[in-house]
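*Asks:* Read top to bottom, the protein sequences are chains D and F.
Each step along the first sequence adds one to the number in our numbering, with nothing skipped, and position 450 is 450.
Each step along the second sequence adds one to the number in our numbering, with nothing skipped, and position 185 is 185.
Some hints could be false.
Since copy identity is lost for identical chains, a pair holds within one copy or between any two.
[Said to hold, decoys possible] Capping the alpha-carbon separation at 27 Å, the derived lysine-lysine pairs in DSSO-like fashion look like this: (1) Lys77 <-> Lys260; (2) Lys9 <-> Lys134; (3) Lys77 <-> Lys411; (4) Lys405 <-> Lys260; (5) Lys96 <-> Lys129; (6) Lys256 <-> Lys199; (7) Lys405 <-> Lys80; (8) Lys452 <-> Lys199; (9) Lys430 <-> Lys403; (10) Lys370 <-> Lys411; (11) Lys411 <-> Lys80; (12) Lys325 <-> Lys31; (13) Lys77 <-> Lys96; (14) Lys256 <-> Lys80; (15) Lys96 <-> Lys130; (16) Lys134 <-> Lys77; (17) Lys134 <-> Lys80; (18) Lys80 <-> Lys96; (19) Lys256 <-> Lys9; (20) Lys134 <-> Lys96; (21) Lys256 <-> Lys325; (22) Lys77 <-> Lys405; (23) Lys325 <-> Lys452; (24) Lys199 <-> Lys435; (25) Lys260 <-> Lys411.
Bear in mind the hints are in silico, worked out from the structure with no lab data behind them.
All of these numbers come straight from a predicted model, not from anything done at the bench.
2 protein chains.
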Amino acid sequence: MADKNIPYKIYLEENEMPLNWYNVRADMKNKPAPLLNPGTHQPMTAEELGGVFCADLVAQELDNDTPYIPIPEEIRKFYKMYRPSPLVRAYCLEEKLGTPAKIYYKFEGNNTSGSHKLNSAIAQAYYAKKQGLKGVTTETGAGQWGTALSMACAYLGLDCKVYMVKVSYEQKPFRREVMRTYGASVTPSPSMETNVGRKILAEHPGTTGSLGCAISEAVEVAVSNPGYRYVLGSVLNQVLLHQSVIGLETKAAMDKYGVKPDLIIGCAGGGSNLGGLIAPFMGQKLRGEEDYRIIAVEPASCPSLTRGVFAYDFCDTGMVCPLAKMYTLGSDFIPAPNHAGGLRYHGMSPVLSQLYHDGLMEAVSVPQTKVFDAAELFARCEGILPAPESSHAIRVAIDEALKCKESGEEKTILFGLTGTGYFDMVAYEKYHDGKMDDYIPTDEELQSYFAKLPKVE
Amino acid sequence: MADKNIPYKIYLEENEMPLNWYNVRADMKNKPAPLLNPGTHQPMTAEELGGVFCADLVAQELDNDTPYIPIPEEIRKFYKMYRPSPLVRAYCLEEKLGTPAKIYYKFEGNNTSGSHKLNSAIAQAYYAKKQGLKGVTTETGAGQWGTALSMACAYLGLDCKVYMVKVSYEQKPFRREVMRTYGASVTPSPSMETNVGRKILAEHPGTTGSLGCAISEAVEVAVSNPGYRYVLGSVLNQVLLHQSVIGLETKAAMDKYGVKPDLIIGCAGGGSNLGGLIAPFMGQKLRGEEDYRIIAVEPASCPSLTRGVFAYDFCDTGMVCPLAKMYTLGSDFIPAPNHAGGLRYHGMSPVLSQLYHDGLMEAVSVPQTKVFDAAELFARCEGILPAPESSHAIRVAIDEALKCKESGEEKTILFGLTGTGYFDMVAYEKYHDGKMDDYIPTDEELQSYFAKLPKVE
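Turn these sequences into a full structure, and let the hints guide you.
*Replies:* Rendered as structure tokens:
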């Protein structure tokens, strides 16, 4: 059943790797809404943002017009260490499912951070270095972003301070140790090191932390230490820009073999992986050149696109960050225990939120146990142990392939396999032991969070 | 300083992948000594071996003459899921060291087992399946081999029973959970399930187990259950044969770019990785076509080549396996705590032992802390978190590159990077906390073990 001309894995040659990132905002008719100052509710200026972010990254954040932005040579050099990532034809999965669908996945897990996060980490660290900074601060939940940033900082000789959600810090000591190997300092959040941390601990002494809270701490440390800036692994426009390297490589590899996807599927937490994977395809769709079905997959326990509201909201619990217009569940929404740590954020990238709002992509949510069913099936036939986050995309790719089996359609399905699950074995253990939590928030719960959204005219 | 024509990573095309394994024994003047029946001290016959191993694997084990053995199509299909593995030019490491040496490494860690072990696991599982068996048994120490075998068995639908050294079972619950994800049953060894396990537990109630003991249990279960055979991840001739795919790919990639290594370095536990990496190069050396310096690196705590004796010894603690002539520290040698679980075996592949004995390769031993110094340096500049085992090779590659820096020689250094360290963070943590154990056995200790070697005429 194998197409003879298409190898199991397509690797681009080094000289076929992208020289530019693609900025999908340039082709959007409705641009993402600007970030607002949380005090004045006025659009954040470059100057205001410059206190938190590096200057070059602020420029990228605000640039809604330039379609192609050159990837600096030093970043391309770093990319060559672990990219191009393979585009894999899932022959074994197709055979297992008995589907006429042709399934491809872009695998971003073949680097030590274990995910696509490294693509933006090196870019953000590079611009911080270029600006002559001493270091950067950030938060991490599951630990993939913190690991990626510590790798990038070690490579460039920058200091790296990571605030890690306390529950992850305690449950994932190995993640912490990898970051230490790369020379980062890792602090469990909330901590006593920051005003916002002390305040949260005073109000909620037993709290195990949240991503929103860790963001607040990292931002506070960045703005109060000369020579430091804050960096973020998802949600922001700049991050989607850097992650476009995923989609650009994918499209180049597919074009090389004359393949066009009918359906593009990605998991969505803050939106960085999905935004990156779909970027050039969405560009064609926005320009009216091609059409693709695009599906964002989120956990049923944290359904920002499928059940959230499109409104201005805080990006963090401490409410020190700018307001962003996005699909959100409310900045103090805490999802039920869910082992896809990277998909527990209350909001969604403003770019993806706008595209979804404009009907350019779809979204579905899936319960946790069904995600792990797909993960284990995939692991056994494709040989890769997927991260719980990535497995959301696998779930829907399998569902769509099974629909093709019923209908006999030979659709081409592309999905993003963002990372590996080596540090997620506690989750797999719960799955094997039948102890997954499939709790889904009620409408009443969600309404109570929506009621607390900031009022923006 | 980069050679413009050589990319960071060389991936062969699918159609350049090897069609045959290379059997280095065919070119050896002095063949490895035969396995002996532990009772009669006579060479094991194919019939005797067939009670423990699959028939096709017995044939491969005994075949000292056929240079090229075809890789069955189903195995080549599986290889395409995770191979070819990249041959990486370590530009960043070279730059960091400021060496004129050109450093290459063959990276075998980009698969879920995290190491090269999968190359032989799929071969052994395939022949078991072909013979119509129900399943296979094996032992695992650090867990890489057990993981690899469980992946291969899941793919082919074979039952897989793994006896895992108890200390690893308890310290590495995540490894166990990965094997469970692939459907294997994992039992801590010594266990009460076998005669040999019960005997060892009666004699040493508090024992945390050893590889030699787990081998005895796995062999007992294989021979006493119809439809089962035993498989082993290293040491055996057949395993080195399967692992030759590493060296064949490496050589094809180097030939493609006109590169010839001066120096080939690999870590050596049972010898499977090193034997595989050097196979085609050693073949040229044996045939007098080319010369290469080849260095085996072992831990100072378990120095079978550098301080062991070349003699017939038991392969396992329970003394149920055949005797092999090899460099050995004695079958009940227990190394000091050493986090390179894959390098704690008391013996060495008979093939490599013979080659070393004949002066065709060198060996050095390195202390644990210096290995982790190299591991961390490598992780920070090459972006890959190496397994402790692999880091032995990194240590010596760096040392040789630094010698080139002093002498100004532009040597080409090739080493095997066998795997990743994601499941070894406890070891990294000890290293960061300054708690490594660098104990080296005394001559008196070693002599006490040598005195207990079996007497073979």
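*Asks:* Each hint needs a verdict: does it hold in this structure or not?
*Replies:* Results for each hint:
1. Lys77 <-> Lys260: between (29 Å within a copy, 25 Å between copies)
2. Lys9 <-> Lys134: For lysine 9 and lysine 134, neither the intra-copy (40 Å) nor the inter-copy (31 Å) Cα distance is at most 27 Å.
3. Lys77 <-> Lys411: between (36 Å within a copy, 24 Å between copies)
4. Lys405 <-> Lys260: For lysine 405 and lysine 260, the Cα distance is within 27 Å only inside one copy (19 Å; across copies 50 Å).
5. Lys96 <-> Lys129: Close across copies (18 Å), not inside one copy (48 Å); limit 27 Å.
6. Lys256 <-> Lys199: For lysine 256 and lysine 199, the Cα distance exceeds 27 Å both inside one copy (55 Å) and across copies (62 Å).
7. Lys405 <-> Lys80: Only across copies: lysine 405 and lysine 80 sit 25 Å apart there, 39 Å inside one copy, limit 27 Å.
8. Lys452 <-> Lys199: Classified as within; 20 Å inside a copy, 67 Å across copies.
9. Lys430 <-> Lys403: Neither. Shortest intra-copy (29 Å) and inter-copy (51 Å) distances fail the 27 Å Cα cut-off.
10. Lys370 <-> Lys411: within (23 Å within a copy, 54 Å between copies)
11. Lys411 <-> Lys80: between (32 Å within a copy, 23 Å between copies)
12. Lys325 <-> Lys31: within (11 Å within a copy, 73 Å between copies)
13. Lys77 <-> Lys96: Answer is between: at 14 Å across copies they meet the 27 Å cutoff, but 39 Å inside does not.
14. Lys256 <-> Lys80: Both ways: lysine 256 and lysine 80 sit 20 Å apart in one copy and 19 Å across, limit 27 Å.
15. Lys96 <-> Lys130: Intra 49 Å, inter 20 Å, cutoff 27 Å: inter-copy only.
16. Lys134 <-> Lys77: Intra 22 Å, inter 49 Å, cutoff 27 Å: intra-copy only.
17. Lys134 <-> Lys80: within (25 Å within a copy, 44 Å between copies)
18. Lys80 <-> Lys96: between (34 Å within a copy, 16 Å between copies)
19. Lys256 <-> Lys9: both (13 Å within a copy, 20 Å between copies)
20. Lys134 <-> Lys96: Intra 51 Å, inter 20 Å, cutoff 27 Å: inter-copy only.
21. Lys256 <-> Lys325: Neither way: lysine 256 and lysine 325 sit 38 Å apart in one copy and 53 Å across, limit 27 Å.
22. Lys77 <-> Lys405: between (43 Å within a copy, 24 Å between copies)
23. Lys325 <-> Lys452: within (15 Å within a copy, 75 Å between copies)
24. Lys199 <-> Lys435: This pair counts as neither: shortest intra-copy Cα distance 34 Å, inter-copy 37 Å.
25. Lys260 <-> Lys411: Within one copy, since 10 Å is at most 27 Å while 46 Å is not.
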